[in-house]
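K.L.:
For this one, chain A is given, so just place chain B on it according to the hints.
There are 2 protein chains.
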Amino acid sequence: MTDFSEWFHNILEEAEIIDSRYPIKGMHVWLPNGFKIRKYVLNILKDLLDKEHEEVLFPLLVPEDELAKEAIHVKGFEEEVYWITHGGLTELNKKMALRPTSETAMYPMFALWVRSHTDLPMKFYQVVNTFRYETKHTRPLIRVREITTFKEAHTVHSTKEGAENQVKDAINIYKEFFDILGIPYLITKRPVWDKFPGAEYTMAFDTLMPDGKTLQIATVHNLGQTFAKTFEITYETPEGEHEYVYQTCYGLSDRVIASLIGIHGDESGLCLPNEVSPYQLVIVPIIFKKGGEEVMAACKDIESKLKDAGFRVHLDDRDLRAGKKFYEWEMRGVPIRIELGPRDLSNKNAVFVRRDTMEKVNISLEDDIVENVNELMSSITFNLRKKASEKMKGQIREVDNLEDVKESIENERGIISFAWCGEENCGKEIEEQANVDILGVQEEEINGKCFQCGSEAKFKAFMAKTY
Amino acid sequence: MTDFSEWFHNILEEAEIIDSRYPIKGMHVWLPNGFKIRKYVLNILKDLLDKEHEEVLFPLLVPEDELAKEAIHVKGFEEEVYWITHGGLTELNKKMALRPTSETAMYPMFALWVRSHTDLPMKFYQVVNTFRYETKHTRPLIRVREITTFKEAHTVHSTKEGAENQVKDAINIYKEFFDILGIPYLITKRPVWDKFPGAEYTMAFDTLMPDGKTLQIATVHNLGQTFAKTFEITYETPEGEHEYVYQTCYGLSDRVIASLIGIHGDESGLCLPNEVSPYQLVIVPIIFKKGGEEVMAACKDIESKLKDAGFRVHLDDRDLRAGKKFYEWEMRGVPIRIELGPRDLSNKNAVFVRRDTMEKVNISLEDDIVENVNELMSSITFNLRKKASEKMKGQIREVDNLEDVKESIENERGIISFAWCGEENCGKEIEEQANVDILGVQEEEINGKCFQCGSEAKFKAFMAKTY
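Protein chains in written order, with the working numbering: chain A, 1 to 467; chain B, 1001 to 1467.
So that you can see chain A by itself, here it is in the shape it has in the complex (with noise of 0.2 Å):
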């Protein structure tokens, strides 16, 4: 991949995942087969979700007042949100904003849900569109107008230490999430300038694309009381004083598909793991002249066995070169490739060809061949994941001077680690010298001294170029 850009945007528009001539900049069509990737990742993360938490809807629009209340927070979002002024023909009398986020929708309504300490903890999600009216250049799935899949949830404790935990909990259901998808990614508390507007502070998961910078991929907000004191939600505790409760707030947008596309592809086009493609076989018979019959025979009676074992199969019977079919499937990242000709046939095997790593195995027809097919779908899972995880991991380096991050970012980009003391000056000062963005720190032990300032470090801390 010489470009990623170049070459992401024509996979997004050969593998037909995404449409973007729509006639409004940074919002796009999701075409049946990018849909169908999305969903299957959606059930994924719906799956996760839904064992702790109950999955609501609120209304898209937030009325002005509302969304004004917590100060910090509309300041945050004030240049880049979308205003409704009329109906009809006819000037609203009070603007409705399109939500940015839903913390402001949504809490009106949790003041009037949170009674007693016995309704607590209470833990919501939903999926949603919402809207930025975002300025910089626009790209599809990565920096939108409308994030058509923003999946966002929102809980509220008793406890302090009942958001903590939460935190904690949202992160290991991310880190379940995308280790599923083979996503690897980076976790960092974000710089105090850089937390979302209102919160106490947050946890973002980064991953690395293949031009080198850096993508957030999901982050995670402890909101302490903030929003609580704002909206009013209060509970009664047990001995009937009335005291204010402590909020979370996690999500994550579109990132999560252009990332799944970024990392595993390569440049035959899609590499997707077994769980998110739309076929995760396709079976494509070699029909010569004579014994066409016996292939294609054959041929369905591996479909219907897979289709029997749950598996989504496809049986390309079209009539097309059997090359112009595989650079086809391949490009559209189909797992595993299933060949079976007259000479297999008489063999008495079918050509299994793995997408990730193209090789080629011969599996016997008299074998079983739904156990076959498990066991190779676990290799590539395995594989996709440790092959991005390995490539992450070797693009993180540790640096102990300025002058050094500058010729790594330039060079090589990918994510620098150092030592840091944690002070809001002196980060600016290294973002602005070195031109790239601190993600944020690791709250681990560290020795030594701040590589910028040469006080006492106190984190470890990450910067990368970043989308």
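You can take every hint at face value.
Pairwise CB distance ranges (calculated):
#, chain 1, residue 1, chain 2, residue 2, range
1, A, Ser-364, B, Lys-1360, 57 to 63 Å
2, B, Thr-1090, A, Glu-6, 28 to 34 Å
3, A, Glu-13, B, Glu-1176, 32 to 38 Å
4, B, Gln-1433, A, Glu-16, 51 to 57 Å
5, A, Glu-6, B, Glu-1232, 28 to 34 Å
6, A, Thr-237, B, Lys-1175, 53 to 59 Å
Stretches of chain B that chain A covers, calculated by requiring three or more beta carbons in the stretch to come under 8 Å of a beta carbon on chain A:
#, segment
7, 1022-1032
8, 1054-1064
9, 1068-1081
10, 1085-1093
No lab work stands behind these hints: they were computed from the structure. Every residue gets a Cβ at the ideal spot worked out from N, C-alpha and C, and that includes glycine.
P.N.:
Below, chain B without anything else, positioned relative to chain A:
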């Protein structure tokens, strides 16, 4: 149900379907229990549509110039479209509308997608939120400003017959869908003055609510070539000519849930068909001081057998009076309640109470419990459908003069059928004089005279007080 409106409002709140206290008129919050019903209902429809349609997702916003292209269409919607005029603090160069429906969002893209006759037919659907600036009195799920669950399908065909057959196919899909939910319907062709703006003709499903007013629950539109000509959607014929396509679209809204609730509900609350009830069975242990452990063990055994069989079953072991639990689960409409106490246990019995008739049946614990539940569920589903369908049929009355219409509507509401000439002037006269709406016509052979103007009757027509 003496006052349906009050009953409906109360049950939405008590059964935790919708919270209507959201601070924007006509926009509501789906609560966890309501969301689950919505999800199961949606799954049934998706399974039906997925057989022949591809799911896609288009942006919410429509640029002003695209919306304005189809003159008749925009005229039908211009008074109820929400307009976005600002992004952040900036006034936009071009206003954008929140989709009231998606023709004008989709069809510019269809013009890019359709190339050759081999591309056709194309069949898509999406499930999205749509917006109408309703000036009439709003009512949750029935008349809202944000339709949260608009299920709209759009198809493209090379011939007029293709589109006509698609209208029939769509009607069959919706019939199957409503039959599964036990929602009875009357299908008519809407009068010309009430068709979808831009359509050749509109077929509609109406059901009858408990207050005797009809509710439009689905529509199917034959769009002919109107939009094809406006948006320049053409295809190349086998002969190399370029022809305009023929189109249809059809959709359903949140009203499906409103009718599900209203039609099966009774004084005790919801009464849900098995297919869409969040819990399909609840088990209520009847615990006294003695023998509690054995009873609980037997309940857990039943629970695990039913879970293994795939049922959504809930063992209600809260420390509450059994009567309170009965009340609650009846109100939430759970199809079957299983009660089990020490005496039942010593008789090797459990008591099954079906929600639809409140009948109690003793089931031996030595019998196959899953088989018994399956039988009972079939019987409940069958009974719900039959009861609802007979009730609606009983409220369709044939009337042959206008005086009787007025009296009949005044006294009993319901639907009135009559012989009609089909002329617009005559129809509008009827609507005005009787103060009801003509729902539409069925194109079966009819003898006699139009009951209003006395000329030859062409159709069997229907009218009612409508929502």
